[in-house]
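Number of protein chains: 6
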Amino acid sequence: MRRQLCYERFIVMTEDSHVDLMAIGAHPDDVEVGCGGLLAKLNGRGYRCGIVYLTRGEMGTGGTAAIREQEAKEAADVLGAKILATFDFGDCRVADNFESRLAVAQLIRRHKPKIIMAPYWQGGHGKRQGHPDHLAAGQIAINAANYATFKKLPIEDEPFRIKAMFHYFLPPEVSPTFVVDITEQFDTWMQALKAHKSQFLNPEKDRDYIWSLESMARSYGGIIGVKYGQGYVIGEPMKIDDIFCLIGTCGKMPEIG
Amino acid sequence: MRRQLCYERFIVMTEDSHVDLMAIGAHPDDVEVGCGGLLAKLNGRGYRCGIVYLTRGEMGTGGTAAIREQEAKEAADVLGAKILATFDFGDCRVADNFESRLAVAQLIRRHKPKIIMAPYWQGGHGKRQGHPDHLAAGQIAINAANYATFKKLPIEDEPFRIKAMFHYFLPPEVSPTFVVDITEQFDTWMQALKAHKSQFLNPEKDRDYIWSLESMARSYGGIIGVKYGQGYVIGEPMKIDDIFCLIGTCGKMPEIG
Amino acid sequence: MRRQLCYERFIVMTEDSHVDLMAIGAHPDDVEVGCGGLLAKLNGRGYRCGIVYLTRGEMGTGGTAAIREQEAKEAADVLGAKILATFDFGDCRVADNFESRLAVAQLIRRHKPKIIMAPYWQGGHGKRQGHPDHLAAGQIAINAANYATFKKLPIEDEPFRIKAMFHYFLPPEVSPTFVVDITEQFDTWMQALKAHKSQFLNPEKDRDYIWSLESMARSYGGIIGVKYGQGYVIGEPMKIDDIFCLIGTCGKMPEIG
Amino acid sequence: MRRQLCYERFIVMTEDSHVDLMAIGAHPDDVEVGCGGLLAKLNGRGYRCGIVYLTRGEMGTGGTAAIREQEAKEAADVLGAKILATFDFGDCRVADNFESRLAVAQLIRRHKPKIIMAPYWQGGHGKRQGHPDHLAAGQIAINAANYATFKKLPIEDEPFRIKAMFHYFLPPEVSPTFVVDITEQFDTWMQALKAHKSQFLNPEKDRDYIWSLESMARSYGGIIGVKYGQGYVIGEPMKIDDIFCLIGTCGKMPEIG
Amino acid sequence: MRRQLCYERFIVMTEDSHVDLMAIGAHPDDVEVGCGGLLAKLNGRGYRCGIVYLTRGEMGTGGTAAIREQEAKEAADVLGAKILATFDFGDCRVADNFESRLAVAQLIRRHKPKIIMAPYWQGGHGKRQGHPDHLAAGQIAINAANYATFKKLPIEDEPFRIKAMFHYFLPPEVSPTFVVDITEQFDTWMQALKAHKSQFLNPEKDRDYIWSLESMARSYGGIIGVKYGQGYVIGEPMKIDDIFCLIGTCGKMPEIG
Amino acid sequence: MRRQLCYERFIVMTEDSHVDLMAIGAHPDDVEVGCGGLLAKLNGRGYRCGIVYLTRGEMGTGGTAAIREQEAKEAADVLGAKILATFDFGDCRVADNFESRLAVAQLIRRHKPKIIMAPYWQGGHGKRQGHPDHLAAGQIAINAANYATFKKLPIEDEPFRIKAMFHYFLPPEVSPTFVVDITEQFDTWMQALKAHKSQFLNPEKDRDYIWSLESMARSYGGIIGVKYGQGYVIGEPMKIDDIFCLIGTCGKMPEIG
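Protein chains in written order, with numbering that gives the first Met the number 0: chain A, 0 to 256; chain B, 0 to 256; chain C, 0 to 256; chain D, 0 to 256; chain E, 0 to 256; chain F, 0 to 256.
Treat the hints as calculated values from the structure; they're not laboratory data. Since this is a predicted model, take the numbers as computed values, not measurements. It is possible that some hints are incorrect.
Since the list gives no way to pick out one identical chain from another, each pair is judged satisfied if it fits inside one copy or across any two copies.
What the hints assert, rightly or not - In the SDA-like style, the derived pairs of lysine to any residue whose C-alpha atoms are separated by at most 25 angstroms in a straight line are:
1. K151 <-> T63
2. K193 <-> V225
3. K238 <-> T248
4. K226 <-> P202
5. K111 <-> S211
6. K113 <-> G45
7. K204 <-> G129
8. K226 <-> K238
9. K150 <-> R44
Start from the sequences, fold in the hints, and give me the full structure.
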């Protein structure tokens, strides 16, 4: 079994390893595809975001593990990510089990994200053009966030509980709970995507990925009436203190008549 | 047909008729049951809330239209509602059609709520202990909010678009999208419920409604780890500007490294 | 009640009133939006298509009944539709009942379509930006197709049974059963849409509809790996004789080894 | 409007009008198709069953209202039904509204059934070969059972609450909650079906209904490992006192070791 | 791999090892939480119940494997369980595979339960406060009950087929098929829960579990109109001989008029 | 671990190993049960079909691996299958993982099927009478079809992409997307089933499988109005070029008026 839990290229870019948000993906470029615009937007507002990949993407048609590592670093720079970590669980071999949950839980405890972004955890169909690693990554994220709170598990650092997990890579029958307007971040997002040359600008591939990804963003944008958007699902009931937050006016105490 | 669209007891309690939130119910006490704690909480923060009933509740086992009107006023006072309006669509006769949509749309245009609370609009089963008026009220609310934006419909005032609609009275197979902690508002909520003496403190009834309603609040509270909660469903994808709002920290620019 | 069943502008463009496909919509432009590329494609292959509207669209923000009639004719011309019929059920008043089912069933018997295209018949949410007339149109189409087979109902002409009904205007949580590539018909589709000037090129409207509609087509196209597509749902089990038809090779008897 | 609520052929066959079970259908033969074996089985055990039709079935391809009335009586005799009541809501016009709910609630109060059997109340698709009257009959039954408990509604007799409602005519995507073995009642069931000559033995019809109905019973039987069965859905949570009742051993106090 | 299949603390409390019902959980206290009131009720009626745990719960925040074993024994005594068996599959490591299915199937063959209670087998979301071991335990139970019927599998004793399986630990979007009134057993249930001191009366924990569990019971009770209830899902179609069993009157032959 | 990936009885019956359709099952007879009529029909039209089993069925109550191999060959002959391949993944041990996906992907590349038939990939309930190997086989098929397109995976032959996958063995709550009329192939289908003497004509078994399988075919047939049918689900959106293919008239260019 090749599924070692050793880190490969864990890169803490600053002294402080805490992040506000950790985006988890199976293969280098998953986070860029599903959350790139969002990360750029959050970075612009001063939030600290981290990116975690469970594999090196070595089975991708384009590129190699080494090439994709370089591309992921470049994309992380574009998006302003504070952390880029990569496991080597094995491309096409990601599985939700005790070991993979522990490894990710360890990372959660170390970086203490308030929010985790992860792929949607179940599919109506694995789909030929989809990937079982995505579903497994979503399941690992859910269980790792749980494990991170158990004090007796063999995980370093103190137990830690995230505030929320949101899911990207929604299957076609799943409607987003919310959509984020990324119109202003569209160019930055495109730049991050194009950093993955081996994937999206590869002349050997016959599919125009950039076109597809732009289409996806236009489609989500249409749901909320903007040009470009990225859509997410909230997987479990949220605790909402002020429901006006949900329409963007919380913190603004309304004037009393 | 008894379904007149004339207002019965439209009571604007202040000069300014605008509200931040409009809670719509089928029978006097529906809003108290589903949103009482929420309304008390919002009122405490200075938001202006209104309550709208589609019928006078004259078919309820306890009370009469006149008694229930008085009880509803008392409960609205307890919750700090700025507006209490009651249609006379006919208890047990509420139906989602052109006329009922127009009537509610008119009210929406007049009071310009940013958020509407309405009963959940579909049921796995009408259920013997449930009520078809609730489903109809949910459907009317959805369609009225839509109609309020159409400039050519025979509705007074300018077209108006609400920001969001949330649903209460969730059937057992529907999990809430979010839950609001009402532990601090629990006593106020109980007081508002008990204002409906003919419904909840009626010695002729053999069911302990207060017990049931407290149980419901405990159950929702349990989902988010508090003593008492009220749960709601978001019916369509939301536009979220800052996803940290969803965990209660938006507006707080995080300190940068 | 204004819901007369009299025809308004029934226009048979050729001697022969039979069609291969009948596309039903609630408001003039619904069919163009949901099936425009498909109709252009079918027309190019010699199939005879007809368009039926249940209302004159008089409540639309832009245009009037008369203007929209003219626009619908122009769009029908662009798409090569052989028939354009319009009921006057009343914009915002469409309801699935005995009378509306009979009226549409009458049309089905007269034109004998093999396939009917109709809006999706139920919605997770009526949605503020959606329209209850769409759901009602879908329900009427389903029931009218059924009524058209009952010999004792007060409908002229012989009982007739369609072969299949497909649905457009899918809510976000409904994945299409199939998608049709309309890349080659994209320009014609755009031309048909732009014939509805009052709707899609109206400077008074602040929303860029053409952008949204193109996005929708790109999104469906992405599902099947083409530039532009239109997606549909099959509402009930199909009788399939040769399953290789489903991948486009039926009729081609394979050579035996 | 032809939808009078007057009774047409209300036939109480014995002095005592109370029944243990009331089976509601839209058209004469619906109950026989969905519950015939069950009714024969219950009759054999001494339970009193009643049959209620909402229409006279005058739009059926075969037969007339008068012929079908005679057939329904014959079938009711075969199944041992104690009561056969028929409304004249109008074939193809059944609708769930205040008047139809009241009419059925009146019947429920009079006959005091513990259990009601009714068509399934919603459909993934009305289906061309299906019937909207069936869905409406299911909805009316649900709401009428509710109305029968409201003391202020204009309904004669004392408020009455049924114990349970079970649903037949399940759409293909709905799996039964339970299946009843009707192997021993199969011949009686066939005899009851064949009493409806105009429907099932009509040489003008090209479809072999008896074959189809037998197939349906075989299919349900297969689910529980018997030759013939009829399947039903429980629409809302049941109160179960002794869960061993669910496997047929309640009432048998097990010997203590 | 630590997942040995050897028994740890298999305790047969009487000579006769047969049980009427076997309740399976992942961690000591799961059965008490989900089925405690039910077991007490069944015990009071003379049914023989057994409890099976798949792990020793050694990863729980409170207690140790040894402490929890002692607590589980005390709780089993309170509930009158005839058998308490504990596997050592490893807390947080429970997985549905060939070995775990065989182990549980072996137990099923030995004790011959008519009914098995098991956790619900799938979750909309693993949830941070939930546990993947619960889902795995439900899947193992389903597959083990199946394996117990296969004569060639390497399992001792004769093939055996249970009559029914019911599920507890329902996710929020799953409505119970039935609820059992445990009002009279409430105190006994509380006593059994409090036997798990390390879990529910642990001053180190900041959550009031007893409050939450009482709330859950009140909520289920409310569904059937009693003070306290426990709710369950029937996972597959039941064979019901006398549908009046479902309302608690089977076995009582009604008098014939 | 006994799960070797070595082939056992790979039998290429002709020189040309390409097939039009590959039907994958877990145990010898699965394909016959779910697709036997379909395969006979396709064979009659000159399509080349292959059958692949993932296990030798050694845990079946009747027969042995050797006996079942012989029966499967006989059945394959009856159905005109061009290829019969059998893996030895272990009966009751089939699991969707990297190794099983690779093994099946290898076979897909070798035989280049346009269509794959596979068991439905998820179940509302594993069901006592069902089998987890079936779900696993469906998941393996989906993922293997995906893996077959990845050029870097350790699989021989060129990357290959199938056109469509259809699913059989539908759980009761899943309605087929389409049904194929197998009335003319019924006798051949029965002959193929009866080749599996150890399974379906085994006097030691107390269940009449032939009766059950005929019932299933009658039930599917009833959905499309024929005597016998087999039903399938399309797992993901199809690319349909000419929607008239879906009603069996594609390829027939209609005459232009």
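Quick rundown of the hints versus the structure:
Proximity of K151 and T63 under a CA criterion of 25 angstroms is satisfied inter-copy only: 10 angstroms between copies versus 38 angstroms inside one chain copy. For the identical chains of this complex, K193 and V225 are neighbours both inside a copy (23 angstroms) and across copies (21 angstroms), given an alpha-carbon limit of 25 angstroms. With identical chains, the CA atoms of K238 and T248 are at most 25 angstroms apart both within one copy (17 angstroms) and between copies (12 angstroms). Taking identical chains as interchangeable, the C-alpha atoms of K226 and P202 lie at most 25 angstroms apart only when they sit on different chains, with a minimum of 18 angstroms there against 28 angstroms within one chain.
In this homomeric assembly, K111 and S211 never come within 25 angstroms of each other (Cα to Cα): the closest approach is 34 angstroms inside a single copy and 28 angstroms across copies. Taking the shortest Cα distances, K113 and G45 sit within 25 angstroms of each other inside one copy (14 angstroms), while across copies they are farther apart (29 angstroms). In this homomeric assembly, K204 and G129 come within 25 angstroms of each other (Cα to Cα) only inside a single copy, at 16 angstroms, whereas the closest approach across copies is 39 angstroms. In this assembly of identical chains, the alpha carbons of K226 and K238 lie at most 25 angstroms apart only when taken from different copies (13 angstroms versus 30 angstroms within one copy).
Taking CA atoms no more than 25 angstroms apart as the test, K150 paired with R44 passes in neither setting, with 34 angstroms inside one copy and 38 angstroms between copies.
Checked against the numbered hints listed earlier, the structure breaks hints 5, 9; every other hint is satisfied.
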